[in-house]
Amino acid sequence: MEILWWLLIVVFFVASYVGLIVPIIPSVLVLWGGFLIYLFGLSGSLSTWFWVGMAVLTIFLLVVDFLANVLFVKRTGGTKWGERMALVGVIIGAFIYPPFGLILVPFVLVLTVELLQQKTFNEAIKIAFASFLAFLSGSFAKAVVQTVMIIWFFIEVWLT
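Residue numbers (the working numbering): 1 to 160.
Read the hints as simulated data drawn from the structure, not as lab findings. Computed from a prediction, not measured in an experiment: that's the story for all the values here. Do not rely on the hints blindly, as some may be mistaken.
Unchecked claim - When the alpha-carbon atoms are kept at most 35 angstroms apart in a straight line, the in silico DSBU-like pairs for lysine-lysine are as follows:
id	residue 1	residue 2
1	K126	K80
2	K80	K119
3	K119	K74
4	K126	K74
Said to hold, decoys possible - Simulated DEER-style distance windows between Cβ atoms:
id	residue 1	residue 2	range
5	G41	I21	48 to 54 angstroms
6	S137	T58	17 to 23 angstroms
7	S137	G77	15 to 21 angstroms
8	L62	K126	24 to 30 angstroms
Note that the Cβ used here is the ideal one computed from N, Cα and C, for glycine as well.
Throw the hints in and build the complete structure from the sequences for me.
This is the structure:
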């Protein structure tokens, strides 16, 4: 039975990475699911420092999601509407042929909104491309943080 629990934990950890490409899967919640399976399914114990660290890293992951889009669009001269459409585009894009929808939908929405806001075509393309870079950099940052969380988990399990 213990092997099944460990397999389930690994499945949860792998699914958290899939969630980077398919945001319908809430990566960080799935990751926590693996931790909780260990805690309750295997009757394991994890230190208070582990839980505090995971909470801090989880908050960081949530903030990275929001800030990456807003900062990239804002830095390239995007309007508030462009920033909002970048976020909306990620949500809508998750349902339209992931992972390509996550790239194309925000790009098209930001491009359209910025053109409607009287930006030149070149400015609008630059701002829309920034939404694409935000997705890539945000996903990369989340992958790194999730990897740290998983490694920390296994170190914690190994030491107890």
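Status of the hints after comparison with the structure:
For the given pair, K126 sits about 15 angstroms from K80 by alpha-carbon distance, which is consistent with the 35 angstroms threshold. Using a Cα cut-off of 35 angstroms, the hinted pair K80 and K119 holds, with the two alpha carbons roughly 13 angstroms apart. The straight-line distance between the Cα atoms of K119 and K74 is roughly 14 angstroms, inside the 35 angstroms bound, and the hint therefore holds. This hinted pair checks out: K126 and K74 have alpha carbons roughly 11 angstroms apart, not beyond 35 angstroms.
Between G41 and I21 the beta carbon distance is about 27 angstroms. The supplied range of 48 to 54 angstroms is therefore violated. Checked against the given bound of 17 to 23 angstroms, the beta carbons of S137 and T58, roughly 19 angstroms apart, stay inside it. Separated by about 18 angstroms at the C-beta atoms, S137 and G77 satisfy the suggested range of 15 to 21 angstroms. Restraint check, L62 to K126: a C-beta distance of roughly 27 angstroms satisfies the suggested window 24 to 30 angstroms.
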